[in-house]
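Keeping the supplied structure of chain A fixed, place chain B upon it in accordance with the hints.
So the sequences go chain by chain: A and B. In terms of full-length UniProt numbering, the first sequence opens at residue 1 and continues consecutively. In terms of full-length UniProt numbering, the second sequence opens at residue 1 and continues consecutively.
Derived from the structure by calculation, the hints contain no laboratory data. Errors might be hidden in some of the hints.
Copies of one chain are not kept apart here, so a pair can be met inside one copy or by any two copies together.
[Claimed, not checked] Straight-line distance between alpha carbons at most 25 Å, and here's what the computed SDA-like set of lysine to any residue pairs gives:
id, residue 1, residue 2
1, 49, 85
2, 334, 263
3, 306, 348
4, 334, 262
5, 266, 330
6, 334, 264
7, 351, 305
Number of protein chains: 2
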Amino acid sequence: MTLEHFINEAISPWMLDDGPDKDIVMSSRIRLARNFANVSYPILADQEKLEEIRSFFEEEYAHQSFQSYENLEFVSIPELTPVEKSVLVEKHLISPHLVKFTQQGAALISQNEQVSVMINEEDHIRIQVYFPGLQLKKALEHAFNFDDWLEEKVNYAFDETKGYLTSCPTNVGTGMRASVMMHLPALAMSNQINRMIPAISQLGLVVRGIYGEGSEALGNIFQISNQITLGKSEYDIIEDLGSVVNQLIEHERTARTHIVERSEMKLQDRIFRSYGVLQYSRIIDSKEASRCISDVRLGIDLGIIKNTSGNILNELMVLTQPGFLQQYANRTLKAGERDVLRASLIRERLKLEK
Amino acid sequence: MTLEHFINEAISPWMLDDGPDKDIVMSSRIRLARNFANVSYPILADQEKLEEIRSFFEEEYAHQSFQSYENLEFVSIPELTPVEKSVLVEKHLISPHLVKFTQQGAALISQNEQVSVMINEEDHIRIQVYFPGLQLKKALEHAFNFDDWLEEKVNYAFDETKGYLTSCPTNVGTGMRASVMMHLPALAMSNQINRMIPAISQLGLVVRGIYGEGSEALGNIFQISNQITLGKSEYDIIEDLGSVVNQLIEHERTARTHIVERSEMKLQDRIFRSYGVLQYSRIIDSKEASRCISDVRLGIDLGIIKNTSGNILNELMVLTQPGFLQQYANRTLKAGERDVLRASLIRERLKLEK
Chain A
1 MTLEHFINEA ISPWMLDDGP DKDIVMSSRI RLARNFANVS YPILADQEKL EEIRSFFEEE
61 YAHQSFQSYE NLEFVSIPEL TPVEKSVLVE KHLISPHLVK FTQQGAALIS QNEQVSVMIN
121 EEDHIRIQVY FPGLQLKKAL EHAFNFDDWL EEKVNYAFDE TKGYLTSCPT NVGTGMRASV
181 MMHLPALAMS NQINRMIPAI SQLGLVVRGI YGEGSEALGN IFQISNQITL GKSEYDIIED
241 LGSVVNQLIE HERTARTHIV ERSEMKLQDR IFRSYGVLQY SRIIDSKEAS RCISDVRLGI
301 DLGIIKNTSG NILNELMVLT QPGFLQQYAN RTLKAGERDV LRASLIRERL KLEK
Chain B
1 MTLEHFINEA ISPWMLDDGP DKDIVMSSRI RLARNFANVS YPILADQEKL EEIRSFFEEE
61 YAHQSFQSYE NLEFVSIPEL TPVEKSVLVE KHLISPHLVK FTQQGAALIS QNEQVSVMIN
121 EEDHIRIQVY FPGLQLKKAL EHAFNFDDWL EEKVNYAFDE TKGYLTSCPT NVGTGMRASV
181 MMHLPALAMS NQINRMIPAI SQLGLVVRGI YGEGSEALGN IFQISNQITL GKSEYDIIED
241 LGSVVNQLIE HERTARTHIV ERSEMKLQDR IFRSYGVLQY SRIIDSKEAS RCISDVRLGI
301 DLGIIKNTSG NILNELMVLT QPGFLQQYAN RTLKAGERDV LRASLIRERL KLEK
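Next comes chain A alone, as it looks inside the complex (with noise of 0.2 Å):
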């Protein structure tokens, strides 16, 4: 069974490639939400139809290749235990909402994990593509090309003036949601990030943290999609987009340069001082463990911390999370047994790296 893959591994494959700005942004995001005519929206639908659409997809693409991107696993969500579930989600594979609210919930994995489909989900069908650092448009015409390939098979609910029907309105018209996943430390230390998010806001944009609507930033990383999926082409929203990401950069990059020509010597204490706590503490709580992972990665990404790679840290982001804690226990735990397999298991990860 392959999906053991997906769940043991706290990276994603696709994650250790190269792009461009990767030391800011983690990852590059695009969502196209696409609907079968004729059958309700998975939340009006009997299930017996959304069974056969979750049929449908296990015998058509269950095995196949879609490019280079190796088989496509077929992953049926009820059959997974709660820690395999929550795994799924902390890996970004699939949404919280595939796993609480749909009986007939699935999702088609690839290989490297950068292309996930989830089947009757508030949609029929999901398409995310992943790709590392800053590259909405690659992962675009993937996700086009995806789009095709289904398109294929599936009649597509779509109206000539309104674009792609959705679930929820907010996604009718392109169905697309782009997202960035950036790592701002500086501007969040010196307290300028909150400042910016009203303005990005005002740009029909969203700013949330790394797990999603109303989740905190944990470990200074934050996640910035469109708002508006109507009146615009995908071009056009993923290059607004882009725009405000390359200036968020910039802003970081400014930011990181003052804070170290102004306070390096502090800037070194915390940083240094989040790697001892990394690598000795017996008991750390998830948050605790996202803001010391968050010093470090910037400590490498300054050159301040040598012979570490930043992949690690995206890798312990996710290994750190309670669901991944819970597979690697193999039971579940309190969240006093996880704040010390959490601590554990970050010092035995640091320790493979010298």
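Frame of chain A; chain B shown alone:
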């Protein structure tokens, strides 16, 4: 100039020797206050008279050897730089009083720093003898031997009923102040020490921090000494002090066992985090350094931290004091600069242990 070795090494040679209960009792000290008969106490005496006393010691005792302590080095206090003065105070070889209030202050210090005689402090003569661990009786015997040796040439101010006469009435009688330096982290963590201090005071003993009167208990190091010098023999006084110290040792051991049993993981977390701070911080003030050193010392005593010697922490406690840091830097340092140098010295010193 052999003064250099007093100044450059943070740890006195005698501290490296073993002693009973050395994991809790860092050192035992006997201090005997003596004065010349028919000479006013330093506070009232003419400068010429004090200069005579000072010269007497320089001529009679400099480079003489007392027992196995090797040569006594004569140190003229007014000739020292401010930093050198601080270093000798931080090593407890001289008192702050000797530095501040006397034009004719001097000291005779034995090569291994176990015997130090202050001249023209509050009294004409103050003999100090140190022993590692709990060895009050041994220290007293050595102090008596030294006292007898001096008395061959010095005519002491002595009264048949009152005993030794001293500048401050609180020292009259035996002129003896016996004290032990104890590391009591478990009693401090469990807040028991604060309840014990008033009880100890009622027994005619005084509890202070590591740097004497009015000083805070930096690094959970407490100095316990006798208050009463009159109406009891020296041996009775140290027996009473010793019995309280033994009780404190027992309480500390019980408290350590309790902490380990009740919350071993929490304790490990605290100890290892402190170890991490000492190894990684770039800025550290003396309060935090002392706290971390105390935690790590406890970790070594409990076998939680291995491959690091307990002595290193006695050394670090002195090494990280302002005077020592400035001696090391070879210039006066502002508080902020000291915090940076302190962190760097601690890191370098801990690296040597690996």
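Quick rundown of the hints versus the structure:
1. 49 x 85: Result: close within a single copy only, 23 Å intra versus 89 Å inter.
2. 334 x 263: Intra 40 Å, inter 17 Å, cutoff 25 Å: inter-copy only.
3. 306 x 348: both (18 Å within a copy, 18 Å between copies)
4. 334 x 262: between (43 Å within a copy, 18 Å between copies)
5. 266 x 330: Between copies, since 24 Å is at most 25 Å while 41 Å is not.
6. 334 x 264: Between copies, since 18 Å is at most 25 Å while 39 Å is not.
7. 351 x 305: This pair counts as both: shortest intra-copy Cα distance 15 Å, inter-copy 17 Å.
Going through the hint list in order, the structure satisfies each hint without exception.
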